Amino acid sequence: MNFSEVFKLSGLLCKFSPNGKYLASCVQYRLVVRDVHTLQIVQLYTCLDQIQHAEWSADSLFILCAMYKRGLVQVWSLEQPEWHCKIDEGSAGLVASCWSPDGRHILNTTEFHLRITVWSLCTKSVSYIKYPKACQQGISFTRDGRYMALAERRDCRDHVSVFVCSDWQLLRHFDTDTQDLAGLEWAPNGCVLAVWDSCLEYKILLYSLDGRLLSTYCAYEWSLGIKSVDWSPSSQFLAIGSYDGKVRILNHVTWKMITEFGHLATINNPKIVVYKEAEKSSRLALGYNSFPQLRAIGTLPSAESKYEIASMPVSLQILKPVADRANPKIGVGTMAFSSDNYFLATKNDNVPNAVWIWDVQKMRLFVVLEQLSPVRSFQWDPQQPRLAICTGSSKVYLWSPAGCVSVQVPGEGDFQVLSLCWHLNGDSIALLSKDHFCLCFLETEGVRTTFGQLGDHT
Amino acid sequence: MGDWMTVTDPALSSESKITSQYTSETKMSPSSLYSQQVLCSSIPLSKNVHSFFSAFCTEENIEQSISYLDQELTTFGFPSLYEDSKGKETKRGLNVVAVLNCMNELLILQRKNLLAQENVETQNLKLGSDMGHLQNCYAKLKEQLETSRREMSGLQERDRQLQCKNRNLHQLLKNEKDEVQKLQNIIASRATQYNHDMKRKEREYNKLKERLHQLVMNKKDKKIAMEILNYVGRADGKRGSWRTDKTEARNEDEMYTILLSDYEYRQKQILMENAELKKVLQQMKKEMISLLSPQKQRPRERTDDNTGTALSDVEEDAGEMNRESIWDLSCETVREQLTNSIRKQWRILKSHVEKLDNQVSKVHLEGVNDEDVISRQDHEQETEKLEVEIQQCKEMIKTQQQLLQQLATACDDDTSSLLRDCYLLEEKERLKEEWSLLKEQKKNFEKERRSFIEAAIRLGLERKAFEEERAIWLKQQFLSMTNFDLQNSENVKLFSAFSGSSDRDNHTVHSRPRARKPHSVANGSPNCTSKLTKSLPASPSTSDFCQTRSCVSEHSSSINILNITPEETKPNQVGRECTNLKWSVASRPASQEGCYNGRSLTYANSHIHKDNLP
Chain A
1 MNFSEVFKLS GLLCKFSPNG KYLASCVQYR LVVRDVHTLQ IVQLYTCLDQ
51 IQHAEWSADS LFILCAMYKR GLVQVWSLEQ PEWHCKIDEG SAGLVASCWS
101 PDGRHILNTT EFHLRITVWS LCTKSVSYIK YPKACQQGIS FTRDGRYMAL
151 AERRDCRDHV SVFVCSDWQL LRHFDTDTQD LAGLEWAPNG CVLAVWDSCL
201 EYKILLYSLD GRLLSTYCAY EWSLGIKSVD WSPSSQFLAI GSYDGKVRIL
251 NHVTWKMITE FGHLATINNP KIVVYKEAEK SSRLALGYNS FPQLRAIGTL
301 PSAESKYEIA SMPVSLQILK PVADRANPKI GVGTMAFSSD NYFLATKNDN
351 VPNAVWIWDV QKMRLFVVLE QLSPVRSFQW DPQQPRLAIC TGSSKVYLWS
401 PAGCVSVQVP GEGDFQVLSL CWHLNGDSIA LLSKDHFCLC FLETEGVRTT
451 FGQLGDHT
Chain B
1 MGDWMTVTDP ALSSESKITS QYTSETKMSP SSLYSQQVLC SSIPLSKNVH
51 SFFSAFCTEE NIEQSISYLD QELTTFGFPS LYEDSKGKET KRGLNVVAVL
101 NCMNELLILQ RKNLLAQENV ETQNLKLGSD MGHLQNCYAK LKEQLETSRR
151 EMSGLQERDR QLQCKNRNLH QLLKNEKDEV QKLQNIIASR ATQYNHDMKR
201 KEREYNKLKE RLHQLVMNKK DKKIAMEILN YVGRADGKRG SWRTDKTEAR
251 NEDEMYTILL SDYEYRQKQI LMENAELKKV LQQMKKEMIS LLSPQKQRPR
301 ERTDDNTGTA LSDVEEDAGE MNRESIWDLS CETVREQLTN SIRKQWRILK
351 SHVEKLDNQV SKVHLEGVND EDVISRQDHE QETEKLEVEI QQCKEMIKTQ
401 QQLLQQLATA CDDDTSSLLR DCYLLEEKER LKEEWSLLKE QKKNFEKERR
451 SFIEAAIRLG LERKAFEEER AIWLKQQFLS MTNFDLQNSE NVKLFSAFSG
501 SSDRDNHTVH SRPRARKPHS VANGSPNCTS KLTKSLPASP STSDFCQTRS
551 CVSEHSSSIN ILNITPEETK PNQVGRECTN LKWSVASRPA SQEGCYNGRS
601 LTYANSHIHK DNLP
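If you're matching them up, the sequences are chains A and B in order. Take 1 as the starting number for the first sequence in full-length UniProt numbering and just add one per residue. Take 1 as the starting number for the second sequence in full-length UniProt numbering and just add one per residue.
These aren't lab readings, by the way, just hints derived from the structure by calculation. Fair warning: this is a prediction, and the values are worked out from it, not measured in the lab. Warning: the hint list may mix true and false statements.
Keeping only pairs whose Cα atoms sit at most 25 Å apart, straight-line, the calculated SDA-like set for lysine to any residue is [claimed, not checked]:
hint	chain 1	residue 1	chain 2	residue 2
1	B	Lys268	A	Asp340
2	A	Lys130	B	Lys199
3	B	Lys207	A	Tyr131
4	A	Lys130	B	His213
5	A	Lys306	A	Val407
6	B	Lys278	A	Gln361
7	B	Lys182	A	Leu200
8	A	Lys124	B	Glu227
9	B	Lys207	A	Arg154
10	B	Lys246	A	Gly145
11	B	Lys209	A	Gly93
12	A	Lys124	A	Ser60
13	B	Lys209	A	Ile129
Sequences are here, hints too, so could you generate the full structure?
Here you go:
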């Protein structure tokens, strides 16, 4: 495993281009585009203000940089550095900006969710979509980029509009039986739309592309409901994480629940492997221990750690949620299916240090990773069943069915990995800290062979 | 009767106790009196009777009393006291025999009555005690009844209380339910209110939004604009098309095609799955058939009525097998056929397995009954037994090992002392043996000594005789010889030679025991001391003794054997000293001195030393 040198970064804005050739990173008001392999600067653009959001177009030709404070969006072309485009939302303000899947339109959401403006880079045309709903996940594009589902709120009722992205024509418009729609997401095959209610009510509705209601699912009532939703890449399963600390898996035929994954704090099953991150008691650590006054300062920046297989029964650290506050830290808040559908990684928010990995084939818990500090984010390798985890420490953790490893990010100073993102082909990860980033290259050959065997096994 | 009463009165008055009784009774018939007498059991009868009778009959009223008695007796059915008066109204004489008989009978009666009375009394007593017992029982039962009544009342009280409580709890439950209902109502109302409020707020918000929208958007905000260098081409290279109904229709079409393709894809998948499942079913069926066909033969042979169906089954199966290709078509009839045949096969298999199970159980039962075959239970028991034995043996070995270890280390003082005692005892025994041996040797030595002494005496005597002879001879020579000088010189020579030889003889004779004695001492005492100090059995000592005793001439070799020194051809003296030096490490100085000093002494000395040893 190799690491690149450390580059500057701001706002955790570092994106691989969809074609995997370039890496865009933002430093204050500058946008830097590098070659992924050489890490040489390919282009450097200067925006009008500090960039708050950056996004590659789907064809990797353009990058949009949003400056929400100023209500500005600047678009840069990779092929023509002199080409520029500036969109000013003026007094309407700007809270969100994104590309349409064709890479020729930009959707800007104005303040107060008054409307969504669709700016075309091809024509002068500007379209407006009224009444967008201000919610967690109000826009969803199908994976093939043909359709967009948009949550709307009209006359105190939730509606969903399905647009054809090519000409922004409204294809379907239907109201949903939700109290307060919180999000919607297309299945990867683009034929089923999952729509779920806000946390006050456990309700998920499944609509066909043509607006027919396929199914409604409600696990329980009178309690906080859905916290996260994720489709399996094959569209076969819909995982629903809820505030009761469970993940429910629905199937795509009957839309009934297949199984329930409970996130128990004590694990007493010899079939489950629990990896516990432990500080390596190295020479350094011993020296550290001998200075108790240093201990009080905080975490040692470069204390190495390793994984130990915990013996059963294992009890995980539980965070007691504050019951009288909104958005309590309970329930399954993050979920991700592996790219090959075999595994599901989840995080229960009141067990912040642990990542559960479930075997989807056998529909049971497979592995639990318990970190020393709360898990910030995790992401699956787009190519293999390999999970990268970061916890805000100077380490990156990798899990695969073969085992897991904790890797110290080298370099002077503390590199606190707050976020990470995989390269398209899974041979490098961008590790992002508060104001730096670096690339972590994984030895592809050796890893590939081992994973190839494991792939067979799975 | 009235007369009799007056007469009897004074007599009765004397008996103050029974007066009233008898006064009242005399009024009654004599029978009642009799019975009365029987009844009043408490009165000491004999005396009373006597006094009564004495008072009853006096000199004056003999006749009267006789007649009265007669009357009385006759009324009681006794024979008359009077003689049968054949004559007229003459005075009837008293028939003494009859009187006596009557008396006797009366006495017998009396006795009987007394007995009866006693019986009655005992019965009475018995009854009294029974009565007492029953009364006790009654009291007890009454008490029990009382307590149980009290208990019952207590229980009733408790029951009442519990019921009360229950009622209260029910009430509470009801209240709680009401509360819950109320709260739920409140929640619901709150929810509706909240929703209502939310809606109102949302409406307001929408209004505001609308207003804002108007304000912001309708101002023709110049700022809202896009500055672009030049428009870029579409990703697909096509030009944008106008929105028309046509495009709408096209979009719809596209959507439906997408949906259709998705459904088709799914259908294909399902079909594939189905096909695979069918394949599995088919395979299963085939296997079942192949599995069952040999078994089917037998029952067919046994039972004729089954043959028809079985045969038809087989035929059917064969026919189906030929129609395998049909299965690719998912037709309901085919499916039904397949499932039916599978079910049939399955049933057959099931029954067969059950049969096999039954057979197995039967065989098992038979096996149990059969004596030749060792049943599994026996096997298991045997193996268990053997295992237990192995375990025991292992334990034993372990304990033995432990004991051995303990012995080897001699960690405990007790055990070591015990052991030492054992060893000492052994040594004692051995020493005793040696002692007896030595005693024997001593005797032998003494015998030898005596013989030596005798020999010496004899020699002395002989010598004397010889010298006398010589003197005589010399005298004769001296007297008779003419050639004195020549002869003398020869004689001298001869003499010297003779005397020398005799001397030498003497020497050797003397040196023998001498040489032997210290040697034996040197060999013996160090051995003993070594035994003491080393506390080890010195078995070679006795044999050495024998050796030293028997083969005196082989001193040096024996010593060498003892000492295991390389120098073999050393003279006796040196070898001995060598041994002494060697032994001196272990031996006591006294004994050593004894050895050295006692070289000239007799071996008795060494024995004295040895005597002290045990």
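Broken hints, by number = none
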